[in-house]
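Enquirer: Chains as they are written, first to last, in our numbering: chain A, 14 to 333; chain B, 4 to 288; chain C, 252 to 724.
One thing to keep in mind: the hints can contain errors.
[Unchecked claim] Under the rule of at most 20 angstroms between Cα atoms (straight-line distance), these lysine to aspartate or glutamate pairs were calculated in the EDC-like manner:
| # | chain 1 | residue 1 | chain 2 | residue 2 |
| --- | --- | --- | --- | --- |
| 1 | C | LYS321 | A | GLU84 |
| 2 | C | LYS713 | C | GLU638 |
| 3 | C | LYS713 | C | ASP692 |
| 4 | C | LYS539 | C | GLU298 |
| 5 | A | LYS119 | A | GLU80 |
| 6 | C | LYS713 | C | ASP643 |
| 7 | B | LYS158 | B | ASP81 |
| 8 | C | LYS340 | C | ASP373 |
| 9 | A | LYS119 | C | GLU350 |
| 10 | A | LYS239 | B | ASP81 |
| 11 | C | LYS321 | C | GLU571 |
| 12 | C | LYS321 | A | GLU93 |
| 13 | C | LYS303 | A | GLU84 |
| 14 | B | LYS158 | B | GLU111 |
| 15 | B | LYS158 | B | ASP71 |
| 16 | A | LYS234 | B | GLU166 |
| 17 | A | LYS119 | C | ASP326 |
| 18 | A | LYS197 | C | GLU350 |
| 19 | C | LYS539 | C | GLU350 |
| 20 | A | LYS239 | B | GLU111 |
| 21 | A | LYS119 | C | GLU325 |
| 22 | A | LYS234 | B | ASP81 |
| 23 | C | LYS567 | C | ASP606 |
| 24 | C | LYS707 | C | ASP697 |
| 25 | A | LYS239 | A | ASP228 |
| 26 | A | LYS119 | C | GLU571 |
| 27 | C | LYS426 | C | ASP392 |
| 28 | A | LYS239 | B | GLU99 |
| 29 | C | LYS303 | C | GLU325 |
| 30 | A | LYS234 | B | GLU99 |
| 31 | A | LYS119 | C | GLU320 |
[To be verified] A few chain B residues that face chain A, going by a derived Cβ cut-off under 7 angstroms, partial list only:
| # | residue |
| --- | --- |
| 32 | LEU60 |
| 33 | VAL78 |
| 34 | PHE84 |
| 35 | SER90 |
| 36 | TRP94 |
| 37 | ALA104 |
| 38 | ALA107 |
Please keep in mind that the hints were generated in silico from the structure rather than gathered at the bench. For every residue, glycine included, the Cβ atom is placed at its ideal position computed from N, Cα and C.
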Amino acid sequence: MVGILRLWRSSPTIPVGDLWRVVGVPLLTILAFLFAWSRVSASVETSLGQIPGPLAVWQQAGNLWVEHQAERARAAAFYERQTQRNLRQLAENPDAPVAVLAYTGKPTYLDQIATSLMTVFVGFLLASLVSIPLGILCGLSKTINAGINPFIQVFRPVSPLAWLPIVTMIVSATYVSADPMFPKSFINSAVTVSLCSLWPTLINTALGVSSIDRDLMNVAKVLRLKWTTTLIKVVVPASLPLIFTGLRLSLGVGWMVLIAAEMLAQNPGLGKFVWDEFQNGSSDSLGRIMVAVFTIGIIGFLLDRIMLALHQLVDFGSRR
Amino acid sequence: MSAYIDAHCISKSFAVRRDTRHVLGDVSLQVERGAFVSVLGAMGSGKSTLLSILAGLTRPDTGRVTIDGVPVTGVRRDAAFVFQNYSLLPWFTALENVRLAVEAALPELSSDEQRAQAQRTLEQVGLGGALDRRPWQLSGGMRQRVAIARAFATKPQILFLDEPFGALDALTRETLQQELARLCSAVDRPVTTVMITNSVEEALLLSNAIVPILAGPPATLGTPIPIALPRPRTVAGLAHDEQATHVRAHVVATLTAALGRARRFGVRHAADTVPLTTAVAQERP
Amino acid sequence: MHTRLKVFTFAGALSLAAAACGGAASSADPATPRTGTGTSTGQLAIEKPQLKLGFIKLTDMVPLAIAYEKGFFEDEGLFVTLEPQANWKVLLDRVIDGELDGAHMLAGQPIAATIGFGTKADVITAFSMDLNGNATTVSNDVWALMQPHLAKDGDGRPVHPIKADALRPVVAKFKAEGKPFNMGMVFPVSTHNYELRYWLAAGGIHPGFYSPTDVNGQIGADVLISVTPPPQMPATLEAGTISGYSVGEPWNQQAIFRGIGVPVITDYELWKNNPEKVFGVTNAWAEKYPNTHLALVKALIRAGMWLDANEDANRKEAAEIISRPQYVGADLAVIANSMTGTFEYAKGDIRRLPDFNVFFRYFATYPYYSDAVWYLTQMRRWGQIPEQKPDDWYHTAAKQVYRPEIYLQAATLLIDEGLAQRSDFPFDTDGYRQPTRDFIDGMEYDGRRPNAYLHKFAIGLKGGQTANTNTTE
Numbered sequence: 014m015v016g017i018l019r020l021w022r023s024s025p026t027i028p029v030g031d032l033w034r035v036v037g038v039p040l041l042t043i044l045a046f047l048f049a050w051s052r053v054s055a056s057v058e059t060s061l062g063q064i065p066g067p068l069a070v071w072q073q074a075g076n077l078w079v080e081h082q083a084e085r086a087r088a089a090a091f092y093e094r095q096t097q098r099n100l101r102q103l104a105e106n107p108d109a110p111v112a113v114l115a116y117t118g119k120p121t122y123l124d125q126i127a128t129s130l131m132t133v134f135v136g137f138l139l140a141s142l143v144s145i146p147l148g149i150l151c152g153l154s155k156t157i158n159a160g161i162n163p164f165i166q167v168f169r170p171v172s173p174l175a176w177l178p179i180v181t182m183i184v185s186a187t188y189v190s191a192d193p194m195f196p197k198s199f200i201n202s203a204v205t206v207s208l209c210s211l212w213p214t215l216i217n218t219a220l221g222v223s224s225i226d227r228d229l230m231n232v233a234k235v236l237r238l239k240w241t242t243t244l245i246k247v248v249v250p251a252s253l254p255l256i257f258t259g260l261r262l263s264l265g266v267g268w269m270v271l272i273a274a275e276m277l278a279q280n281p282g283l284g285k286f287v288w289d290e291f292q293n294g295s296s297d298s299l300g301r302i303m304v305a306v307f308t309i310g311i312i313g314f315l316l317d318r319i320m321l322a323l324h325q326l327v328d329f330g331s332r333r
Numbered sequence: 004m005s006a007y008i009d010a011h012c013i014s015k016s017f018a019v020r021r022d023t024r025h026v027l028g029d030v031s032l033q034v035e036r037g038a039f040v041s042v043l044g045a046m047g048s049g050k051s052t053l054l055s056i057l058a059g060l061t062r063p064d065t066g067r068v069t070i071d072g073v074p075v076t077g078v079r080r081d082a083a084f085v086f087q088n089y090s091l092l093p094w095f096t097a098l099e100n101v102r103l104a105v106e107a108a109l110p111e112l113s114s115d116e117q118r119a120q121a122q123r124t125l126e127q128v129g130l131g132g133a134l135d136r137r138p139w140q141l142s143g144g145m146r147q148r149v150a151i152a153r154a155f156a157t158k159p160q161i162l163f164l165d166e167p168f169g170a171l172d173a174l175t176r177e178t179l180q181q182e183l184a185r186l187c188s189a190v191d192r193p194v195t196t197v198m199i200t201n202s203v204e205e206a207l208l209l210s211n212a213i214v215p216i217l218a219g220p221p222a223t224l225g226t227p228i229p230i231a232l233p234r235p236r237t238v239a240g241l242a243h244d245e246q247a248t249h250v251r252a253h254v255v256a257t258l259t260a261a262l263g264r265a266r267r268f269g270v271r272h273a274a275d276t277v278p279l280t281t282a283v284a285q286e287r288p
Numbered sequence: 252m253h254t255r256l257k258v259f260t261f262a263g264a265l266s267l268a269a270a271a272c273g274g275a276a277s278s279a280d281p282a283t284p285r286t287g288t289g290t291s292t293g294q295l296a297i298e299k300p301q302l303k304l305g306f307i308k309l310t311d312m313v314p315l316a317i318a319y320e321k322g323f324f325e326d327e328g329l330f331v332t333l334e335p336q337a338n339w340k341v342l343l344d345r346v347i348d349g350e351l352d353g354a355h356m357l358a359g360q361p362i363a364a365t366i367g368f369g370t371k372a373d374v375i376t377a378f379s380m381d382l383n384g385n386a387t388t389v390s391n392d393v394w395a396l397m398q399p400h401l402a403k404d405g406d407g408r409p410v411h412p413i414k415a416d417a418l419r420p421v422v423a424k425f426k427a428e429g430k431p432f433n434m435g436m437v438f439p440v441s442t443h444n445y446e447l448r449y450w451l452a453a454g455g456i457h458p459g460f461y462s463p464t465d466v467n468g469q470i471g472a473d474v475l476i477s478v479t480p481p482p483q484m485p486a487t488l489e490a491g492t493i494s495g496y497s498v499g500e501p502w503n504q505q506a507i508f509r510g511i512g513v514p515v516i517t518d519y520e521l522w523k524n525n526p527e528k529v530f531g532v533t534n535a536w537a538e539k540y541p542n543t544h545l546a547l548v549k550a551l552i553r554a555g556m557w558l559d560a561n562e563d564a565n566r567k568e569a570a571e572i573i574s575r576p577q578y579v580g581a582d583l584a585v586i587a588n589s590m591t592g593t594f595e596y597a598k599g600d601i602r603r604l605p606d607f608n609v610f611f612r613y614f615a616t617y618p619y620y621s622d623a624v625w626y627l628t629q630m631r632r633w634g635q636i637p638e639q640k641p642d643d644w645y646h647t648a649a650k651q652v653y654r655p656e657i658y659l660q661a662a663t664l665l666i667d668e669g670l671a672q673r674s675d676f677p678f679d680t681d682g683y684r685q686p687t688r689d690f691i692d693g694m695e696y697d698g699r700r701p702n703a704y705l706h707k708f709a710i711g712l713k714g715g716q717t718a719n720t721n722t723t724e
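The shape of chain A in the complex, shown without the other chains:
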């Protein structure tokens, strides 16, 4: 709650005169886009039928919601049946072993969104835990930076689809347990997201740390602060704006990478949804894939906004 209040306070205020520019114009362009889209889609015939227009896509979104509710109803019915069955068993024999099992239906669209979000956060967290300390080290010491830089330059451009087979094999070999807490597909996707998204944070953290105002470092020197104090009270807060820039970029990259990774790793999220719909090849498929495209875009946008708000909380420089 406190966090939301802080977010509220830190949002920009806008004079009424600018309302037109900030809200009105985008609204107009969106309407124009929808209009153009519906015209174009009506005129292009693919071998799968017409490209779905905005109305068709909206209908598919509605379908997905209905399917979600239907699946929830089935789950409820299943649990009801199970409870009845268990009660009956206990009535006959009070000592009978009774099983309470989870419903094994398919994941609904909302479940898939939740899975994708979970996976991207875990991957992002993992990436941050590695890249921030490493970035601080690189920023503090030119030697370490020189040593790590080649790896950064070479591994940064690697696509998630290239990492995935390697990650899958390593996870297969090392993550062995009879009853794993996380499914391997989840781990594969999360680790791939980490590998691809840790570079912006790493680079920006190193940059932030190495480009701290000389004066602030001088302050640390004249106050004769211990190096731990310098690190925690001077270096890190001074580099926070750039660190957050890096984090924001990383989250954006991670979200994009996730969709690709899920398609192959079979993590039951939005990426898998798109691939399965593609495999279906039904006349509804294109529409449903477009719903997914918009969902992915909107969620990416929201994630970015959240990071931006957090960034502004720690940006002391802009208020000087």
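With chain A fixed as given, assemble chains B and C onto it according to the hints.
Expert: Here is chains B and C on its own, set in the frame of chain A:
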């Protein structure tokens, strides 16, 4: 009598792209315990570098500095430094900024005592009501007061000031000069102070001696000019004081001569474009 | 005057929270069962009631869907999640890995895995999911080029089965123009690969060899065959990247519905009642969970029976079920044809093919050793097995992979429960079907004599030949 701060034959050069700038050439300076010495010169003349070396922030290329007989290898525990541009940590409040310094300099105090000391010093500079403000919420003058408070809170024996009021407007500058004078005389044991300034008035107001720094490159120091005016000194008082006028003229002449020499040898100097700030004091009624 | 617009951060944060709460909180993750051990319904004590089974979106995954939707799994005390997989390789890897308990597999996959072609692992099967169900489609252009070489009947329709002899001049034409003739299939050890090659070779076209160093399978080929994922086949056909493909349904009927290609031959016409998909599990899994395995096979047998019941009366409902997006997802019209026993070849040329999909009759679900041996012979024929092997080797390998004893155990349990009759199952067989000539080229296949079988073919490795020493063409 051996000086408290003794700098001997200091030289310093910096590599700037492919050139080498010789900033200081064979500079020597002695400061007695408890004295307030101003190093006066135009901008870009190497004053900050000299101060840096005295304080232990920079190593000289040749020569050595000793303070109280001990060679300077880094910043001393009992020394404090005030920078020209505040250098407060923007994510801490005024109180926290000062407390950070106290914590590092006086670790034997308890956390509460450290806080109390910080608060006391801030109140001394008149910022008792701004303890919880962050730097961006303070005016330039207030920020510099915090910087000064931070310096004094650590109970220093030595004080280094690098054009502490250079970034402020004239009126604020005057107020803070008085403030600093008051603090320096209020302290119950002698604080040896070396201040850098480009204002003759400021030097006259605060110091026991003015050491002109003569334009180079490399810069050298002129003969120290003692100022035996009684304290407390006021700006108004100094405007009409005969000795003050005399010193003023002498300093300006020395510095101008040095500048002229440099120009004759065709050396470009940043000081060419900046006039010495002597005019203001004379216009005051 | 100022207005405060908090649209982005506040509303965004709210809706995100709502979505996350609405979605995640009320769904239980099927991969982590809550408390309790398995329940036993019927006589079997199930070791692992919660299972995740994989499938590929092809119509012959229908026994799995029916077993779920009709409650056959639940009757056995099994709580199953059916998860579609991205492609055959991922599916096989995840079964071997343990992420999937079992899967809808190509008949060649357990065999190839066990003998070590591709990822090596001990994969077994105790249930054959269906017979037939594939077809080969060519592009509109190639179909047009084939027309002059096709025998027509009185109505002007092509005489079926269409042999690859009609394709040979087209391939020659491509060669003369310096263009490669490309065809796609789904996996190097897929039934589609072997059936396509069989069809081409029977028409005198060389489909290429594999060698230990060259796994593309195009050595000496007249037609270049490569792997294409099924959902991309129509698009690549349309683009002209391939001139034809061999795949299961709904992708052949998709081609004709979308007007991009023409199915020319089904595998029913190639080899009447050939084995197609199996239900595969790892050997280790089967040994660890024998009762669960039996329960699975029981449920699948019941599903097969339901599908073929009353002369395919239930097929319409089956088609409707698998047209749902979580199963095969293609349009109902596209699926309905083949599932209900009709098949559209050229546009408008619709023929009855009641045995296009066979799920239970003709003992379809019994895992015959001779089926495994046939696939092994084709692997040898094209060089995936690089050296000659004695007949015994084939029989031993087949027995390692195919487990009719488990099947018959499950069958017996069903008979005892009154859900099936003894006559439904071939209790008397030794695991080898009778020799048969039901092939498009009339060759006789006797599962007991694989090497002799290999010697009959003009195109293909035989005896001690390798891809490099084979001197055909």
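Enquirer: Given the hint that LYS303/C pairs with GLU84/A, does the C-alpha gap stay at or below 20 angstroms?
Expert: 18 angstroms, holds
Enquirer: Would you mind confirming whether the straight-line C-alpha gap from LYS158/B to ASP71/B stays at or under 20 angstroms?
Expert: 17 angstroms, holds
Enquirer: Check whether the Cα positions of LYS321/C and GLU93/A lie no farther apart than 20 angstroms.
Expert: Within the cut-off at roughly 18 angstroms; holds.
Enquirer: Please verify whether LYS713/C and ASP643/C have alpha carbons no more than 20 angstroms apart.
Expert: 16 angstroms, holds
Enquirer: What's the verdict on LYS713/C and ASP692/C, does the C-alpha distance respect the 20 angstroms limit or exceed it?
Expert: Distance of about 18 angstroms is within 20 angstroms: holds.
Enquirer: Checking one constraint from the list: CA of LYS539/C to CA of GLU350/C, max 20 angstroms. Satisfied?
Expert: 15 angstroms, holds
Enquirer: Is the straight-line distance between the alpha-carbon of LYS158/B and that of GLU111/B 20 angstroms or less?
Expert: At roughly 13 angstroms apart (the allowed maximum being 20 angstroms), GLU111/B and LYS158/B satisfy the hint.
Enquirer: Report holds or violated for the interface hint on PHE84/B, using the least CB-CB distance to chain A and a cut-off of 7 angstroms.
Expert: 4 angstroms, holds
Enquirer: Within a Cα-Cα threshold of 20 angstroms, do LYS119/A and GLU325/C meet the stated pairing?
Expert: 15 angstroms, holds
Enquirer: Are the Cα positions of LYS234/A and GLU99/B separated by 20 angstroms at most?
Expert: With Cα atoms ~17 angstroms apart, LYS234/A and GLU99/B stay inside 20 angstroms; holds.
Enquirer: Between LYS426/C and ASP392/C, does the CA-CA distance stay at or below 20 angstroms?
Expert: Holds - the C-alpha atoms of ASP392/C and LYS426/C are around 16 angstroms apart, at most 20 angstroms.
Enquirer: Within 20 angstroms, alpha carbon to alpha carbon, are LYS321/C and GLU571/C?
Expert: 13 angstroms, holds
Comparing the model with each earlier hint shows no violations; every hint is respected.
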